[in-house]
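Work out the full structure: start from the sequences and follow the hints.
Here is how the chains run, residue by residue.
Protein chains: 2
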Amino acid sequence: MDKYKVIEVKESIFADNDKDADRLREQLKEQKTYLLNLMSSPGSGKTTTLKAVLGKLKDEMNVGVMEADIDSDVDAATMQELGVKTIQLHTGGMCHLDADMTRQGINEFGTEGLDLVVLENVGNLVCPAEFDTGAVKSIMILSVPEGHDKPLKYPLIFQVCDALIINKIDVLPYFDFDMEKVEEYAHMRNPKLKIFPISAKTGEGVDALCDWLRNEVKEWQK
Amino acid sequence: MDKYKVIEVKESIFADNDKDADRLREQLKEQKTYLLNLMSSPGSGKTTTLKAVLGKLKDEMNVGVMEADIDSDVDAATMQELGVKTIQLHTGGMCHLDADMTRQGINEFGTEGLDLVVLENVGNLVCPAEFDTGAVKSIMILSVPEGHDKPLKYPLIFQVCDALIINKIDVLPYFDFDMEKVEEYAHMRNPKLKIFPISAKTGEGVDALCDWLRNEVKEWQK
Chain A
7 MDKYKVIEVK ESIFADNDKD ADRLREQLKE QKTYLLNLMS SPGSGKTTTL KAVLGKLKDE
67 MNVGVMEADI DSDVDAATMQ ELGVKTIQLH TGGMCHLDAD MTRQGINEFG TEGLDLVVLE
127 NVGNLVCPAE FDTGAVKSIM ILSVPEGHDK PLKYPLIFQV CDALIINKID VLPYFDFDME
187 KVEEYAHMRN PKLKIFPISA KTGEGVDALC DWLRNEVKEW QK
Chain B
7 MDKYKVIEVK ESIFADNDKD ADRLREQLKE QKTYLLNLMS SPGSGKTTTL KAVLGKLKDE
67 MNVGVMEADI DSDVDAATMQ ELGVKTIQLH TGGMCHLDAD MTRQGINEFG TEGLDLVVLE
127 NVGNLVCPAE FDTGAVKSIM ILSVPEGHDK PLKYPLIFQV CDALIINKID VLPYFDFDME
187 KVEEYAHMRN PKLKIFPISA KTGEGVDALC DWLRNEVKEW QK
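So the sequences go chain by chain: A and B.
According to the numbering used here, numbering within the first sequence proceeds without interruption in unit steps and concludes at 228.
According to the numbering used here, numbering within the second sequence proceeds without interruption in unit steps and concludes at 228.
Calculated from the structure, these hints are not laboratory results.
Even for Gly, the Cβ is constructed at its ideal location relative to N, Cα and C.
Be a bit skeptical, because a hint or two may be false.
FRET-style restraints, in silico, Cβ to Cβ [stated by the list, open to error]:
#1 E36(A) with R29(B): 52 to 60 Å
#2 E114(A) with P197(B): 50 to 58 Å
#3 E114(A) with N221(B): 47 to 55 Å
#4 R220(A) with G99(B): 51 to 59 Å
#5 D77(A) with W218(B): 47 to 55 Å
#6 E210(B) with D184(A): 42 to 50 Å
Shown next, in the form of structure tokens:
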């Protein structure tokens with residue numbers, strides 16, 4: 007496998023991000039590629055979750071990962087080791103990706119033939135939520151050590167996501183984290199939000215997440 | 007104690023944030039108030055750390071807290087319960103505070119007579135690091151569950167901070183967190199960075215942090 011590319015994405019020159027996002031989704035629909043936008047705080051376990059999920063899905067469909075980072079290749083190297091087609095996007099200090107930056111990544115990556123591409127967005131609960139990346143769906147991770155009050159403090163990201171992964175449930179005994187409360191607060195922000203409690207480390211709950219994603223890809227490719 | 011005020015801070019109309027920041031520092035020097043800018047990811051334990059530190063310092067000096075949040079009063083209510091003078095700043099969706107927003111907070115707060123004010127910045131490792139708030143020093147928290155690779159992935163915040171708190175050391179046995187590596191990576195970004203490993207929950211390491219802060223305030227008031 008060739009080493010992953012690293013590209014420097016530039017801020018969009020287009021004013022209308024929502025139109026850009028719609029155009030990108032049309033392109034993805036045509037080529038039957040499902041793009042999933044994955045958002046979270048730094049350190050919630052995005053990369054470990056991707057390893058767990060894509061480790062299971064990569065033998066049944068063609069998968070790829072776009073790693074967006076301000077300035078490192080740590081995660082791209084990890085995904086490459088897993089044998090998943092990977093590209094590293096450097097945002098040059100930018101705190102989020104917009105649809106045009108995502109399109110630059112998609113076009114450089116060469117996603118024809120890929121069934122599923124996951125965009126690992128910059129670790130940040132605020133800014134990435136403000137921009138439609140052009141992905142088919144958005145999903146976020148909240149990890150147990152971060153606390154169950156996060157839907158109260160970062161409302162927008164819970165509103166714009168289709169699914170919420172609650173990661174690191176293996177350490178629930180060591181933290182004051184109330185699973186009922188987090189579900190209540192999250193559904194207060196977004197009643198349709200699907201919730202998947204998992205431990206990416208032990209594998210608990212990962213099958214349910216894979217089932218959902220497998221079905222999402224199938225529906226998109228119809 | 008009166009209930010804390012909640013104010014909506016507005017984005018600065020001034021172009022030169024660095025000059026604003028210097029002006030605010032001059033004002034603070036004159037009134038002998040030490041302003042500490044506290045930054046971290048969501049969920050790293052900023053509020054719990056403040057409870058542990060200010061719980062110790064509040065009987066020997068006049069302390070206050072400015073809680074910056076996008077849209078909630080959760081942390082302000084917690085600090086108020088501790089008996090610490092508190093103001094809540096709402097950023098209206100903004101991912102950071104600049105010097106003028108901080109000044110609006112300081113002036114509304116009425117910080118005359120306060121020796122130490124802590125600004126709890128928006129939970130975010132990216133954007134707050136880009137703006138000098140006018141604080142005397144900046145400090146950040148990285149918590150054990152976030153992982154030791156964060157100085158590689160979020161370089162700027164480690165560069166601009168004067169001290170790094172490594173929080174949640176009580177859960178070290180349950181995470182793959184390498185204390186030597188995090189110190190090596192952090193010092194690679196900033197050789198002068200002071201590092202305080204603590205558990206805000208159990209109180210371990212908090213005294214050393216209080217000693218540093220007490221001395222900082224003393225030097226500022228000379």
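- prompt: For the pair E210(B) and D184(A), does the Cβ-Cβ distance stay inside 42 to 50 Å?
  reply: At 25 Å between Cβs, range violated.
query: Measuring from beta carbon to beta carbon, are D77(A) and W218(B) in 47 to 55 Å?
result: Cβ of D77(A) to Cβ of W218(B): about 29 Å, so the range 47 to 55 Å is violated.
query: Does 52 to 60 Å hold as the CB distance between E36(A) and R29(B), or does it fail?
result: 55 Å, holds
- prompt: Does the Cβ pair E114(A), P197(B) satisfy 50 to 58 Å?
  reply: Cβ of E114(A) to Cβ of P197(B): about 36 Å, so the range 50 to 58 Å is violated.
task: Could you check the hint for me, namely that E114(A) and N221(B) are 47 to 55 Å apart, CB to CB?
output: Once the Cβ atoms are compared, 51 Å apart, the range 47 to 55 Å for N221(B) and E114(A) holds.
message: Looking only at beta-carbon atoms, does the pair R220(A), G99(B) fall within the given range of 51 to 59 Å?
response: 35 Å, violated
Of the numbered hints stated above, those contradicted by the structure are hints 2, 4, 5 and 6, listed in ascending order.
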